[in-house]
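Undergrad: Spelled out from the first residue to the last, the chains are:
Protein chains: 2
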Amino acid sequence: MRLFLLLFSLTLMQNLPAQQKAVAASPKTMPVLVIHGGAGTILKSQMTPEKEKAYKAALTEALQKGYDTLQKGGTALDAVETAVRILEDCPLFNAGKGAVFTHEGKNELDAAIMNGKTLAAGSVAGVTTIRNPVSAARAVMEKSNHVMMVGKGAEAFAAVQGLALVESAYFFTEERWKGLQKALEEEAQPSGVVDSAIRHTPSALRQPENRDNKYGTVGAVALDQYGNLAAATSTGGMTNKRFGRVGDAPIIGAGTYANNASCAVSCTGWGEYFIRLVVAKTISDLVEYKKMPLKNAADEVCMKQVPALGGDGGLIALDKKGNIAMPFNTAGMYRGYIKNGKLQISIYKE
Amino acid sequence: MRLFLLLFSLTLMQNLPAQQKAVAASPKTMPVLVIHGGAGTILKSQMTPEKEKAYKAALTEALQKGYDTLQKGGTALDAVETAVRILEDCPLFNAGKGAVFTHEGKNELDAAIMNGKTLAAGSVAGVTTIRNPVSAARAVMEKSNHVMMVGKGAEAFAAVQGLALVESAYFFTEERWKGLQKALEEEAQPSGVVDSAIRHTPSALRQPENRDNKYGTVGAVALDQYGNLAAATSTGGMTNKRFGRVGDAPIIGAGTYANNASCAVSCTGWGEYFIRLVVAKTISDLVEYKKMPLKNAADEVCMKQVPALGGDGGLIALDKKGNIAMPFNTAGMYRGYIKNGKLQISIYKE
Numbered sequence: 243m244r245l246f247l248l249l250f251s252l253t254l255m256q257n258l259p260a261q262q263k264a265v266a267a268s269p270k271t272m273p274v275l276v277i278h279g280g281a282g283t284i285l286k287s288q289m290t291p292e293k294e295k296a297y298k299a300a301l302t303e304a305l306q307k308g309y310d311t312l313q314k315g316g317t318a319l320d321a322v323e324t325a326v327r328i329l330e331d332c333p334l335f336n337a338g339k340g341a342v343f344t345h346e347g348k349n350e351l352d353a354a355i356m357n358g359k360t361l362a363a364g365s366v367a368g369v370t371t372i373r374n375p376v377s378a379a380r381a382v383m384e385k386s387n388h389v390m391m392v393g394k395g396a397e398a399f400a401a402v403q404g405l406a407l408v409e410s411a412y413f414f415t416e417e418r419w420k421g422l423q424k425a426l427e428e429e430a431q432p433s434g435v436v437d438s439a440i441r442h443t444p445s446a447l448r449q450p451e452n453r454d455n456k457y458g459t460v461g462a463v464a465l466d467q468y469g470n471l472a473a474a475t476s477t478g479g480m481t482n483k484r485f486g487r488v489g490d491a492p493i494i495g496a497g498t499y500a501n502n503a504s505c506a507v508s509c510t511g512w513g514e515y516f517i518r519l520v521v522a523k524t525i526s527d528l529v530e531y532k533k534m535p536l537k538n539a540a541d542e543v544c545m546k547q548v549p550a551l552g553g554d555g556g557l558i559a560l561d562k563k564g565n566i567a568m569p570f571n572t573a574g575m576y577r578g579y580i581k582n583g584k585l586q587i588s589i590y591k592e
Numbered sequence: 243m244r245l246f247l248l249l250f251s252l253t254l255m256q257n258l259p260a261q262q263k264a265v266a267a268s269p270k271t272m273p274v275l276v277i278h279g280g281a282g283t284i285l286k287s288q289m290t291p292e293k294e295k296a297y298k299a300a301l302t303e304a305l306q307k308g309y310d311t312l313q314k315g316g317t318a319l320d321a322v323e324t325a326v327r328i329l330e331d332c333p334l335f336n337a338g339k340g341a342v343f344t345h346e347g348k349n350e351l352d353a354a355i356m357n358g359k360t361l362a363a364g365s366v367a368g369v370t371t372i373r374n375p376v377s378a379a380r381a382v383m384e385k386s387n388h389v390m391m392v393g394k395g396a397e398a399f400a401a402v403q404g405l406a407l408v409e410s411a412y413f414f415t416e417e418r419w420k421g422l423q424k425a426l427e428e429e430a431q432p433s434g435v436v437d438s439a440i441r442h443t444p445s446a447l448r449q450p451e452n453r454d455n456k457y458g459t460v461g462a463v464a465l466d467q468y469g470n471l472a473a474a475t476s477t478g479g480m481t482n483k484r485f486g487r488v489g490d491a492p493i494i495g496a497g498t499y500a501n502n503a504s505c506a507v508s509c510t511g512w513g514e515y516f517i518r519l520v521v522a523k524t525i526s527d528l529v530e531y532k533k534m535p536l537k538n539a540a541d542e543v544c545m546k547q548v549p550a551l552g553g554d555g556g557l558i559a560l561d562k563k564g565n566i567a568m569p570f571n572t573a574g575m576y577r578g579y580i581k582n583g584k585l586q587i588s589i590y591k592e
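Chain order of the listed sequences is A and B. Numbering-wise, my numbering puts 568 at position 326 of the first sequence, and it's gapless, one number per residue. Numbering-wise, my numbering puts 499 at position 257 of the second sequence, and it's gapless, one number per residue.
Heads up, a few of these hints could be off.
One copy or two, it doesn't matter: identical chains are merged, so the pair holds either way.
[Said to hold, decoys possible] In silico lysine-lysine, BS3-like type, Cα no more than 27 Å apart, as pairs:
| # | residue 1 | residue 2 |
| --- | --- | --- |
| 1 | K394 | K537 |
| 2 | K270 | K424 |
| 3 | K295 | K307 |
| 4 | K385 | K584 |
| 5 | K359 | K546 |
| 6 | K359 | K581 |
| 7 | K424 | K385 |
| 8 | K533 | K581 |
| 9 | K270 | K533 |
| 10 | K298 | K359 |
| 11 | K307 | K420 |
| 12 | K270 | K295 |
| 13 | K532 | K563 |
| 14 | K532 | K359 |
| 15 | K270 | K307 |
| 16 | K295 | K532 |
| 17 | K394 | K533 |
| 18 | K533 | K424 |
| 19 | K293 | K532 |
| 20 | K563 | K270 |
For the record, the hints were derived by calculation from the structure and aren't laboratory data.
Isolated chain A, as found in the complex:
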């Protein structure tokens, strides 16, 4: 009888998809999903009730659909891709549709994704025709022997993989276009930044009114029922960027990192500082090698190292136990999570 039951169970398991087999073999982890929609000078005094409602609705949709994926047995990778795609498709955020414009009036998009179980990673930078850069990053990870592809080459690869390509007009939004015009006008003024990319007047880049030219990146980190972590980040970069500038989002270790041995991290902020400090990997190493609790590690880098160097921004981080950290050293950060089935969304400082 025991043998019969065993054989019966084995037969059942063989008919189950691979993911569900894993479930049958080990106790389920309670899934967690955390997302961000960018840090910056987000002040309640400058927000209309309509705008706040729209942001919260978009964050809620991304969280719910990503979490649905996790509840249906999807992987952490599936969940972060799902959530980030929704934020990319939403014109409110600086990623995919709604991305900021470059100096030449184009949208150059960067994205990355990483699997904490295998340390597999993929990223694209400077792409202009891929509707969902995060899915292109995933294709680089899963369908190529490479980790990072840039520019036209990355677009050619996305085409080979059958990803949705769009005309550049798809990414156009009135608000971002106005943002570029404002930045160009400021440049044209005698007292303004002659070229924001070249250091004629370095301090000008730090003026409060154009700080947010750098922000609005989106990202997600997830823990699935198989106990695996994943991270993804997507961005349009800086308004009025030039010279093929690449920020931290598509740099594995800087803006995006995931490792089951430590944590998953997605960053948003002044990318140059996040690259120089290799922010995501540093948090992972503080957890893995210095045995810091996740929150302390995230605070150490985001609230101490980044401001000490002169940068700002925020990040989301998640470890295998479901601990969440969402530090930011700016006025606000669009952020939220679903944990134990409970949804929580925040914008300003608590």
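Please build the complex by placing chain B on the supplied structure of chain A, with the hints as guidance.
TA: Frame of chain A; chain B shown alone:
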């Protein structure tokens, strides 16, 4: 009398250049310079005496000129740039002149540089017209507000900065061209890799005969008399690369990192694995946060983590005390250093 001497000293110091002031103010550190010319299947059985002599002469020139810079009061940054420029100009190495060819028969170059004192960093990727990519990386670091620039944008920036631009024919070498033809022929064979960038036959990439398509990167790490560290790396990437592939060399934290608080690192090898493990920053964090001696940290990542994931390669690392590590898990690595005025060059396993 004492006051007079003090005033006299101060007057003297004010007439000295900034760097020499620093010397006057603190005891000199003994400078150290370490370089590599790539790891790979470098076997004594396949080397001619003439070829070995040529490699040693090139490594010696890079070391001596870089060390001269340090002895004359130059910074670690000056030394690593000097050494890497010499290796870029030498057709023996896969960087600058002598770079491998892409699938389309072009040379796409990547480079990075980092200042361990300030954590300032610069990098370029996918550039085709810049004679010395390491100097372009330095210009990005010092003359822009950005860290990373790619493709045509990076070339436009280099032009604005007055760097030497060359026709693509400058990078041509017969040996690398033959390497591409061989790779293309292998692809064309029914049993071969249909496209080495796409995973039709993943195992094919690991065949011994085309392993070295991935190697030959050059790099340098230095410690100057002011006690500061710097690192630089430059590469042509992989033979027959496609889709705008970017490797670890220009990724801050992966192939290149420098931090006075820990060490300076430059890597060479199968870039994808070095990106996924964020190799250079991991070594830095093992030193800074886990308090590992430099050699142990370098071995932990290069001899354990990289092979465990399936990758291979090597690296050079240097800390503030002048400790050197040069691990590699391949048959050989072109490498050398000058320490305490003594020059040492090696190619094979000791």
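Undergrad: Give a verdict on every hint.
TA: To see whether the hints hold, each was checked on the structure:
1. K394 with K537: neither (39 Å within a copy, 41 Å between copies)
2. K270 with K424: neither (51 Å within a copy, 50 Å between copies)
3. K295 with K307: Classified as within: same-chain Cα gap 18 Å, cross-chain 63 Å, threshold 27 Å.
4. K385 with K584: neither (35 Å within a copy, 48 Å between copies)
5. K359 with K546: between (29 Å within a copy, 18 Å between copies)
6. K359 with K581: The answer is within: 20 Å in one copy meets 27 Å, while 42 Å across copies does not.
7. K424 with K385: between (41 Å within a copy, 24 Å between copies)
8. K533 with K581: within (24 Å within a copy, 36 Å between copies)
9. K270 with K533: within (25 Å within a copy, 36 Å between copies)
10. K298 with K359: Classified as neither; 31 Å inside a copy, 43 Å across copies.
11. K307 with K420: neither (31 Å within a copy, 52 Å between copies)
12. K270 with K295: For K270 and K295, the Cα distance exceeds 27 Å both inside one copy (35 Å) and across copies (61 Å).
13. K532 with K563: both (17 Å within a copy, 23 Å between copies)
14. K532 with K359: both (21 Å within a copy, 23 Å between copies)
15. K270 with K307: Within one copy, since 20 Å is at most 27 Å while 60 Å is not.
16. K295 with K532: neither (41 Å within a copy, 46 Å between copies)
17. K394 with K533: Result: close neither inside a copy nor across copies, 42 Å intra and 43 Å inter.
18. K533 with K424: Cα proximity of K533 and K424: none, with 46 Å in one copy and 49 Å across.
19. K293 with K532: neither (42 Å within a copy, 46 Å between copies)
20. K563 with K270: within (12 Å within a copy, 49 Å between copies)
Hints 1, 2, 4, 10, 11, 12, 16, 17, 18 and 19 from the earlier list are contradicted by this structure; the remaining hints agree with it.
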